[in-house]
Amino acid sequence: MSRLPAVKGERIDRDTAVEFTFEGRRVRGFRGDTISSALTAAGVRILGRSFKYHRPRGLLSVAGHDVNAMMQVRNGGRSVPNVRADIVPVQSGWDVTAVNTRGGLESDRLAVFNRLGAFLPVGFYYKAFHGKRWFPYWERMFRRLTGLGEVDFQATARSTPKRYEFCDVLVVGAGPSGLAAALAAAERGASVLLVDENPAPGGSGLYARGGVSDTAERTEKLIAFVQGDSRITLLTSTYAAGYYADHWVALVTPECLVKVRARSVIVAQGAYEQPAVFRGNDLPGVMLASAAQRLLYHHAVAAARRVVVLTSNSEGYAAALDALAHGVDVAAVLDLRSECGPLSKPAAEELARRGVLTHYGVRPIEAVAREGGEVGSLAFESTAGTAPGRRKIQLDGIWMSVGFAPANALLHQSNSRMVYEPSVEQFVVKTLAPGVYACGKVNGTYSFEARVADGNYAGASAAAGLGLGDAPTGKVRSPLLECPTHAYPIFPHPAGREFVDFDEDIQVKDLVNACQEGFDSSELMKRFSTIGMGPSQGKHSNMNALRILAKVRGEPIEALGTTTARPMFHPVPLSHLAGRRFSPERRTPLDSQHESLGAVWMPAGNWRRPEYYAVAGKSREEAISDEVRAVRTQAGMIDVGTLGKVEIHGPDAAEFLERVYTARFSNLKVGMTRYGVMLDETGVVIDDGVIARLGPESFYFTTTTGNSATLFREFGRLATWWGLQVGLVNLTGHYAAFNLAGPNARAILRQHTEIDLSEAAFPYLAVREALVAGAPCRIMRVGFVGELGYEIHLPAEHAVDVWRVLLASDSPSRVKPFGVEAQRMLRLEKGHIIVGQDTDGVTNALELDMPWALKMDKPFFVGQRSLRILEKMPRRQTLVGFTLPQPTSGQAQRRPKECHLVLEGTEIAGRVTSVGWSPTLARCIGLALVTPALAAGKQLKIRIEAGEQITADITRPPFYDAAGERQRLGDPA
Amino acid sequence: MSRSPLDPALLKFPHVVAGREQAILRLDDLSQHRRFGCKGPGAEPWLAAAGYTVPQAPNSAAVDAAGVMVARLATSEFLVEAVDDGSEHVNSTRRQLASVSRPTNVYPVARQDMVVGIQGPGIQTLLRQVCSVDFAPLFESCGPASGPVVLTSMVGVGVVAWPRRTEGGHSLRVWLDPSFAHYFWTTLLEVGRGVGALVIGSNT
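From first to last, the protein sequence lines stand for chains D and U. Residue 1 is where the first sequence starts when you use my numbering, and the numbers rise one by one after that. Residue 1001 is where the second sequence starts when you use my numbering, and the numbers rise one by one after that.
None of these hints come from the bench; they were simulated from the model. Please note: incorrect hints may appear among the correct ones.
To be verified - No more than 25 Å apart at the CA atoms, straight line, and that leaves these computed lysine to any residue pairs for SDA-like: (1) K897(D) - E871(D); (2) K858(D) - G671(D); (3) K162(D) - S1099(U); (4) K259(D) - P1148(U); (5) K259(D) - L1138(U); (6) K259(D) - S1099(U); (7) K8(D) - L235(D); (8) K392(D) - R353(D); (9) K162(D) - A1136(U); (10) K162(D) - S1153(U); (11) K669(D) - S1099(U); (12) K259(D) - S1153(U); (13) K669(D) - P776(D).
Produce the entire structure from the sequences given, and follow the hints as far as they go.
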């Protein structure tokens, strides 16, 4: 545990010190240090507590997977949880504490769980939540005790830009094979994006040296070639978190999420070194050999003074030489094999010359902690070699190098097929998905030369697949001199504490018990035991768990299969996933006019609309009532530009509308409009609007605000499907529209247009095209709000001018702008429905009591067939109107709100769909969808807030002007 | 000139964050240019008879010597705009299309679009944050007078985008529904400020 003299290739800047605190203690490191490397250099070995038993834990991988070394980092008022100490560069001023402790790392009160293991069996969560009675208790307890880190609720939202990238070839992993693949593809003219999760390229080529610099120098040459090739873009500190269809790969950079669309993908992600499983394998000081090597060469830190290397491959012997090269005492090499393999032999002989004893046929028995919790000794038994027998070695570090598991999550996600290959004791590629390639360790290739050759082949193949150069000739596989991975590096102990999964503290016996309880497939075992479900997602545990499962079932691993890591297979910051928030908002051309009139805004679909216009000294309700009264007594004007607006032209235009709407349009006269209801195939009401006939083959019609975009797409689909000769034009955003309504509407409009507005020339439901205030307009005489009204539609660029002219009129009265709330009340007084408010996702046309709108004798309309079936069935619900008694003067009246329930006895029998205070009628009125039985009665019981019930009288709408005389208001006598 | 759907206040300070000479990104409101749209089976021959250069390939555009661009959207819809010059010609055709005696099988398409011009060395950086289409090969394949047209989505809004190679480099002209004008412009400014020095203008 010390900082070494300068190491060639180190990634620290010794001229720039970094000072921070860890658990209250001041620590000094260098720029380029990670939190873990700085702490290790400072002699700190316990970095965190385990999730379940709160055991002290230290380094494991130093590769971004040290789940027991996650930190809460506070800096400058910000507090960030779950910072991965093993990869995040530390910065001056940081206040770092370990997550998942109570009372601090050294004296974690929850360490008591380490002695309660017998009461926390495998599947504890499932068993705890099995019964209803204790569910709330367990839930509270788990919520209190579990969870990593603390969310800073005061944190401000970060707008993280997402971006897109494009390339011919995406190479994931910049180790020797990835570098070679990138160069091979680029040489053939491909644009290459090369990404690596580490802060610098090179992978194990730079740190797995075996005490010499040959491999590192060759790797550095590859890096230099890559950096000098303009066709290759290198992104470091970036990991590929998920593969999606068509070579769409999610890259997570320190700043943002990058979505890459590649024409082909080469997976060169290497392999995760795997731990051996023996009692005490989680003690601080026990780590993967590659972790120790990374610290040596990247940060010039020796992770121990005296180590044993527990190994079963040549990489372990190389690690022992690396230790010696930096002054670390190697107490022994413990080889799990009965003899040294040919690839390991030269290193073994070198170690022997330097006085390091190697034991063979080793079975580790137990690592024991010294005072303070760090590893202090290892007891083992050797059964082969020159000195068999039981031994115990005093040490402060155990470096494990017993094998690898391929980082093949992307390959799985791309639908490539894997197969277990016993000769390398790992899954290798059986079949690659089209356009996907693999090379290096993920492909079962381990020597430096073989990995470079494999990368060359993959890069050339990917380029050739894109038509760049010829396909490479037959792949040459180097002979495998020894297997890099031990078949079963698992050594159960009667007293347990041999950890398979460091995320969830899962021991060998937990998995054996899970199998015995029937969870004996990889999928079931994962869910029951939670193995592989922690932050590292099983990168260091899934393979060993699979080996245990295979042994318990007495089957080979290849018979079991494995799980597929879903994207994202590595944790991604939520801010990255959220990205920059794009929330398109639409505004009508009159938006600035509403703003200047004091509009109070409300959302309507993705539009913003004036809810009402604020008036100084008046409440919201008073302002809305004034707007309603203005329309009923004089004139008002509302912006209805949010309506969907569509033109349809062509010889089949009328036929199209006949099929889309329930009403008849073939007999609609030119110059007239008609109300239309639109259904889906099941007869459910999905929209309504007004259809105007402009010419024999031209119609103009409206849809509801929220449905306009969806319906226009559907119209296009239907027109194509039906093969009708029509042309559809979407005018929704390009046209403005406002409704001038009230008894004075005609007199006001007449001042600004030359067309004849008389009842005879422009009757109710007519449409005319004319100039209004000099602008070309379509004027429809409709009566949604129940008064004489003109809905004026015009190109958006003229909207402001015409609106201003009409609003400035003062004879015979001024025009008062009114908002959505006033319009809702005005139409409610008339009993007019709003689709989506007075209907829901299952309301069919028969339930709305509008038989006049359904022309069942037409040959066809969408939903007609379903209505014919529904006609023969009892109604599920019916729309009814209701009124509340007029309130007693001076007494507050309790009123229902929309969505309050209608009751029949104690059963739910419907709901209120619209309700409000009618200034015109001076009482509360509403609509409700209720059962037909209730609809046939005289009163409704409505449950309002706090469970109180009120009684309403069923009243057939319209509540106002039942004869419809006001909207047909003729010329004054 | 057409009226822009954009609030003029959005073209003023504080959105101008750099002088034109240092700008790596320039956004212009080009909505004022004259334009019209039409579709239908008779649209193509009618445009050709009216003297326009009509591109043959779906989703492509061509600019004639008078400075009028005709874009074919999908197969039989057309967007015609006086992008460099030619307002008179466009105005005259537009009036004909709006008259009662418009040609048969030609349907007018109202084009009150918000039109945004994007140019500058930072254009690719911006586009890669707002759109999933790779414009790099499109810029390579387009010329000053012809090239592809892309119907896509930018910052969540459906747009027609026309990449163009000009003397000053690459530019992109984007047409969108005017109701999104405020959102689109302010969002582009926000993203653009992150890209680097930015200037905005109108109709230049």
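**Request:** Go through the numbered hints given earlier and state which of them the structure violates, listing their numbers in rising order.
**Result:** 1, 3 and 6
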